[in-house]
Amino acid sequence: TEYILDDGSAENGWTINPGYDVWLGNLFPVEDSGNILSFDIYSQANSGATDEVTIDVFDSNHNLIGSSESFTLAADDWVTIEVPNIEFDGEFYAMIHWNMINGSTNFLGSDETGSYAGSNLDYYYSDGSWSLLHELAQSNPGVFMIRTTAIIGGEPIRIALDNSNILYKKLSEREIKENL
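So the sequence shown is numbered by our numbering: it starts at 961 and just counts up by one.
Some hints could be false.
What the hints assert, rightly or not - Per label pair, the in silico range of CB-to-CB distance:
1. 1025 to 964: 14 to 22 Å
2. 967 to 1060: 31 to 39 Å
3. 1010 to 1047: 29 to 37 Å
No lab work stands behind these hints, which were simulated from the structure alone. Note that the structure is a prediction, hence the values are computed from the model and not measured. Each residue gets a CB set at the ideal place from its N, CA and C atoms; glycine is no exception.
Given the sequences, and given the hints that come with them, work out the whole structure.
Here you go:
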């Protein structure tokens, strides 16, 4: 299953200045349960951007439930970030974490015209405080261009096809019994 809140166009972009510990991201108001496998993130070029970020996932009570490895936000492109099968049950927050970086990063894309733009899903988190970004920054409401890929209901099995391709498959109860 893919959870997509943006319409594919970035009308704005956000980054955090060096020396701050801040998260920006979306609330995904889903009712499903499953495992998050990856995120697709669109970002816009920022001259001289070199520093890395992570993506952290929080449950509806703001408890951290999983994180990615460090990565660089792409310049005017999408990047896919695999995560270690983060289990979720209902709504969750996917938040890019700028952790006291020394330099700059590319801008995390923000969709301000799509059908979810005014849905109050764009969040800012720092110093234990959660806020809607557009209210805090007095900016246009929007959603960040963060897309989630998940398997719904059950634990995924990772099957390596070769060194460059990995397939995820949720086994049915019949397949599990046949393989015991």
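Fill in: Range hint 31 to 39 Å (beta carbons of residue 967 and residue 1060) holds or violated
Since residue 967 and residue 1060 have Cβ atoms about 33 Å apart, the given range 31 to 39 Å holds.
Worksheet item: Has the hinted range 29 to 37 Å been met by the Cβ atoms of residue 1010 and residue 1047?
Response: 33 Å, holds
Fill in: Status of the given 14 to 22 Å range, CB of residue 964 versus CB of residue 1025
21 Å, holds
Checked against the numbered hints listed earlier, the structure breaks none of them; every hint is satisfied.
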